[in-house]
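**Student:** Go ahead and model the full structure; you've got the sequences and the hints to work with.
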Amino acid sequence: MSTVYDVTNWTISANPSVTAYSDIGAIINDMIANIKTNQPNQASKPAAVIYIPPGDYSLKTRVTIDISYLQIKGSGHGFTSLSIRYNSGNTSSWSEINPGGSHVKVENTDGHSEAFLVTRTPNNTPRLSSVEFRDFCLDGVSFTPDQNSYLNGKVGIRVDSDNDSFRVEGMGFVYLEHAFINYNADALNVTNNFITECGNCIELTSAGQASKITNNLIGAGNVGFSIFAEGHTGLLINGNNIFPRGASMVHLKNTSQSTITGNRFHNFYPGMINMEGSNNQNLISNNHFKREVETYSPFSSKNNGKDDLYGLIFLYGSNNMVTTNFFTYNVASSSIQPNSSTTPTMILVKNGAGNFISNNYVVSNVATNHVVLDGSTTGTKVLDSGATSEILAYCSSSAYTLRPTP
Amino acid sequence: MSTVYDVTNWTISANPSVTAYSDIGAIINDMIANIKTNQPNQASKPAAVIYIPPGDYSLKTRVTIDISYLQIKGSGHGFTSLSIRYNSGNTSSWSEINPGGSHVKVENTDGHSEAFLVTRTPNNTPRLSSVEFRDFCLDGVSFTPDQNSYLNGKVGIRVDSDNDSFRVEGMGFVYLEHAFINYNADALNVTNNFITECGNCIELTSAGQASKITNNLIGAGNVGFSIFAEGHTGLLINGNNIFPRGASMVHLKNTSQSTITGNRFHNFYPGMINMEGSNNQNLISNNHFKREVETYSPFSSKNNGKDDLYGLIFLYGSNNMVTTNFFTYNVASSSIQPNSSTTPTMILVKNGAGNFISNNYVVSNVATNHVVLDGSTTGTKVLDSGATSEILAYCSSSAYTLRPTP
Amino acid sequence: MSTVYDVTNWTISANPSVTAYSDIGAIINDMIANIKTNQPNQASKPAAVIYIPPGDYSLKTRVTIDISYLQIKGSGHGFTSLSIRYNSGNTSSWSEINPGGSHVKVENTDGHSEAFLVTRTPNNTPRLSSVEFRDFCLDGVSFTPDQNSYLNGKVGIRVDSDNDSFRVEGMGFVYLEHAFINYNADALNVTNNFITECGNCIELTSAGQASKITNNLIGAGNVGFSIFAEGHTGLLINGNNIFPRGASMVHLKNTSQSTITGNRFHNFYPGMINMEGSNNQNLISNNHFKREVETYSPFSSKNNGKDDLYGLIFLYGSNNMVTTNFFTYNVASSSIQPNSSTTPTMILVKNGAGNFISNNYVVSNVATNHVVLDGSTTGTKVLDSGATSEILAYCSSSAYTLRPTP
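Protein chains in written order, with this note's numbering: chain A, 106 to 511; chain B, 106 to 511; chain C, 106 to 511.
Keep in mind that a hint or two might mislead.
Only part of the chain B face toward chain A is listed, based on derived beta-carbon distances under 7 Å [stated by the list, open to error]: (1) G183; (2) L322; (3) A458; (4) V471; (5) A472.
If you're looking for bench data, these hints aren't it; they were derived computationally from the structure.
Beta carbons: idealized from backbone N, C-alpha and C, even for Gly.
**Tutor:** Below is the structure:
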């Protein structure tokens, strides 16, 4: 019994008119049912690889994955920019207008929002393990009410059960409101993907540990998160090129002992790294932050609602280390919010004790506050991160230590 | 003559009853013999890809690879936690109890310890090149005398000849005493693997140069090494999430001019980075080190025999740079070794001259010595890595330079 | 109609005697023509994967790719060192003498220099997207006039039209004068490749943005560039192991707001990071630079024409941040250029304002100038990067700020 499935040569015996082109979701669900019939017992649960050759497929039925070890694999992430297309007016002369590769259009007619749901109930023991998504394209097709809204309710992949050692790699996600959501991840690996023009790109919810988001190209819309991590510890975010827009580019919620290092960030709004709840003992180092004004006219009226006092990094929690980052800020005074006389903030320590900020460099077209300390903060150390005049403390002078950059 | 082999449709003509399910090792050895018959001459030595579809295979005969360019490839690393399974008591209700993916159980009956041995004798000229292991699972099945011993003598892959440009990628290794051993590596690439619950994960022996261990998830047992490098120069260890346990997480032996940067380390013992012999001019930067007490009760009596004076980083050699690391230490006084009044060491400079330690930050539940300088050390510089009271020097005051964190 | 093509079972109907072994270029071109006949309309342009099984293929006709989404994929990068072979004298006893894997010999007889040309004219709207090169070997076979010249005019892949979201991954390139050239890249991903013994490895020309070169093994010849980037912004160069030689290892030309971090560099010449034109707001951090003399006798007479006053990093531009790098320099006085009394330069700030240099460490066998400031430079800050005697300023004392390493 082969464990290698190809969506283009599968027939659902109960419904033979369905093809991968008409509903790849129904095809894959039928394959999964078939895979289960070949799993002899608890000790031997071979799964399979489901291959999606290059082509244009419509997904009308949500795929539900409730087995471990399944790999779904294509031959190409197939991105092309739908945002440029939809904002370009007449495209009748264009060579192509849609994404390609192993191209799955998310067009559910089943009332569900997800293309793929990974969940096992009631008995998810052990946790679902080693499900892999590789090298295909999930395309949400269009946004509503307009193509620049980043809204359509669509979810590319939602993992809704505790899980271990999952892998999302080489994928393309485009024009989905949520590209990838994972609930309670352990040792998750999100690497080498192309996740752009989505409302939200990577959302790690509830809790999680020891995961990594590495070596990706990522760019969310102005309404959501490029990366969101809730209740995580030991998350490593390394080596990503994260470009506009993203209401937050990395949004930490009650996330601690995690590492954001060696990334390049570029955005049009403050709050590039944002925090919510209590976030402690995180390392934010060695990143390049570029902040400028929106460069693409269709989005010039968009923003994330934050003004320039919010900080490119908004720190909320204790004992974080923010070091060796480079901030380049280039915003005309007339575009600075709330008004042109505002001095923009690079790092805002909004809350917490014992944060350590060192060896950061800022290049800007206007005077900026490199570090701003809220009145409630205590024990912050600020070393070599700006001149005295560039560090603004609302707390008492005994509540922080400053060694200005000479 | 096809160069694409599938283990599930191969028959050994001399022994047709053997299948990949009964002995995948014998099958692959027979394929390699066949590949050689299709290598016309010295100038044209095409190898092959040997494909392991998803499924459960037993390896009873060691595979010996003595040709360059062979790729062995599966469709899924297939990890599931055997450690949790074996420590969970009754698992009769579990959905699955073994790893999956392209799942090779290492069950040698041939008297050998290795699943794969890569060696070429007597004439290994040029060095074996570009052998690739990709995307399958090597599972040692069980440990003895008990499942928490990390001992069974089994080796996933041993490379025993000089080699160049090898690649280990996307693999899963579990419950092997030694996952991957490589002797005299040049330009080795170990990337994007899942190597956990093994006695030792990556062991680079003898000597080597210009290799990299990047973007992996790694976690060894308490008895061995997560990463071991002997006689290496120019090794790059970057972007890995390395979690418990590991007697040493990175163990350098006579290894110089190598780089450990942008990793996340988490362990339950001191000696997270350990050194043996003379180790010079290494860069250890930009890493997050989390040290706490064992969190999983079956292992609460385990340790690596080192006390809290050993240092989370144990530096043995000269002219190393240790900079911009973040240490989070959270151990109840009652668990600190050798006794509750011990002041734990973060960085111990045990030996050597001219080590440079700068811009490190420590957060701890107890007072710690951020840096301890042995009496034999000379010329150490310690900058911005703790208050004067947090730097303990057994050498004379002229033997080091201190600029305390203000 | 299958979208999965295999070069070994394709026949060109107009020329049935051609095989992939005799001319893989002609075969792939015919496949591309066939792919186009299966692209129904602008809204549905499925491409394909063209698979190159392991084997030795000759490319005599340039492949021209003018469609998006095409993936060309092999099963192994197949590197072996041709440099060692050609410098070893009698190799008649060698096991193999040529590269392998999915091995494409670039042997054009069509008058063209490229193996693969990606271009779409006249109408490249939208930009070509998501073309992928994966896991095969492009081998230039030999250099002329001698095997150590790195010259043969051959180009592995040239992308000559504006492009988006391309991917070069897992490839091997060897003995090409130019391995990979890309013109006007957006969100290019060059990752996990083995690009060595080429005159030039990665050349990003004209302009580009938001690309990444990550997790590669790279080593160019003494005549060219390991990495060249022109007119780029937001390029991320992270986690690469870049070894000799390379006239420049990273050469930036009018490139700004880019990041070189977490890499290991090893070379035999100055100018390891080199700049041309105006290069601003770049972050160079957390890298290991090893400079020694040539170790391989056939190349002992080679160099890049630069003397030791040039700097291991040659900085030309403003507002760059150079921090937390480790330089190890080991050159016998007798080999130092222009003469043995020269004090070698580690970082030369040749030009510009507002460069920020901090927390760099140098280990050397001779006295060195850690930082040299040209007379024209202004506003440089040099912190913790050497003693006062190790910082040489030709500018006035008011034109820079120095905090020497204590």
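**Student:** Quick check: which numbered hints come out false for this structure?
**Tutor:** Those not satisfied are hints 3, 4, 5.
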